Amino acid sequence: MSDRNIRIESVDRRAVEDQEVEIVERKGIGHPDSLCDGIAESVSRALSNLYLDRVGEVLHYNTDETQLAAGNAAPAFGGGEVVEPIYILLVGRATRKYETDDGTEHTLPVDSVALSAARDYLNEVVPELEFGIDVVVDVRLGEGSGDLQTVFGEEGAAVPMANDTSFGVGHAPLTETERIVLDAEEYLNGPYAERNPELGPDIKIMGKREGDDIDLTVAAAMIDRHIPDMAAYRDAVAKVREAVTDLAEDRTDRSVAVEVNTADDYDEGAIYLTTTGTSAEQGDDGSVGRGNRANGLITPNRPMSMEATSGKNPVNHIGKIYNLLSTRIAEAVVEEVPGIRDFRVRLLSQIGRPIDQPHVADGFVVTEDGVAVADIEADVEAIVDRELADVTDVTRSVIDGDLRTF
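Residue numbers (this note's numbering): 1 to 406.
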């Protein structure tokens, strides 16, 4: 029997698949909010690796306050231009100095490492943006709170202490609508975009299911230099609609309707045409944590944490670790324990307490007909306990980039 405070409860509410209305959203990797998430997490991983290389351990830092102020552009068929650059501010806290055993103090190149990580990420995700010309990145990383640095650096602690009293939530499995929305954006920003360079990375998909009818609304930024005229634009929109429809129909027997760029007015020439492939070039600002949750989706039918997962320190920042861990727990439970239709878990920390000892780990189960919670409770609790005991593995997976944070 575990000494951790783990509770497994039956949920009287229906599984999300049984609810009459379901809403699911994903902001694609080129959306301004997702750009901030991605940059913040790239900077976070770069700082972790800097500390590991130079010091041998991850020092105190957080880079989860990245902000984006939109620029101004003049898109045009065949190619437009960025008139005013996008401005991105890397905000947070980072340890800049450390002492070696001989008492020598060393200064770490925190700002240059952060700028390099941001540049590399933007070049990968939005290659149409010219760094330093179309987008300007600034760094304002201050020193961390002394109290939190103390909590962070408990000497001799095998398991880090929680830096905050906070919580994380996770669920599994994904519903059909959730899976379709996630897969569709990743397909459009993956294999589809490789074959169709006119499609920019700023893609947002909103899924709505009413009963057995799934409606998908897609906002897809088109890149002007690959679009010679209105006919080509309309063809590009139609191709996206067809691609998403085919993907969705391959994943469900429910009826599917897909609409793309519904704000377009062809008569007025008002269309979703961009120079760089992101709405950040003109009027759409961004912030870390304002978009997708840790599992890549926004799911108002589910419990969600409002914590920004991206950019937080992966060693003891509960806003990151418990959201990622709870998702891992939920996925493990539904994969290993038969008879579960829906599993949700909440992990609550207490500042200064070891992160493998949550204040409470609370699991909610919806079982299949004929399966009682009492029949599976011990198996579920054992998995929760196992994953909590292995919580420090989340840190390494995050630093290696093996876990999504948005």
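Misleading hints may appear alongside valid ones.
Claimed, not checked - Derived Cβ-Cβ restraints for the label pairs, each shown as a range:
(1) GLU84 <-> ASP215: 48 to 58 Å
(2) ASP3 <-> ALA238: 55 to 65 Å
(3) ILE351 <-> ASP267: 57 to 67 Å
(4) HIS106 <-> ARG4: 19 to 29 Å
(5) ARG140 <-> GLU9: 20 to 30 Å
(6) VAL83 <-> ILE23: 51 to 61 Å
(7) GLY352 <-> ARG225: 29 to 39 Å
Hints in this document: simulated from the structure, not taken from any laboratory. Given the structure is predicted, the values throughout are model-derived calculations rather than measurements. Glycine included, every Cβ here is placed at the ideal spot set by N, Cα and C.
Would you list, in rising numerical order, the hints stated earlier that this structure does not obey? Hint check: 1, 4, 5, 6 and 7 fail, others pass.
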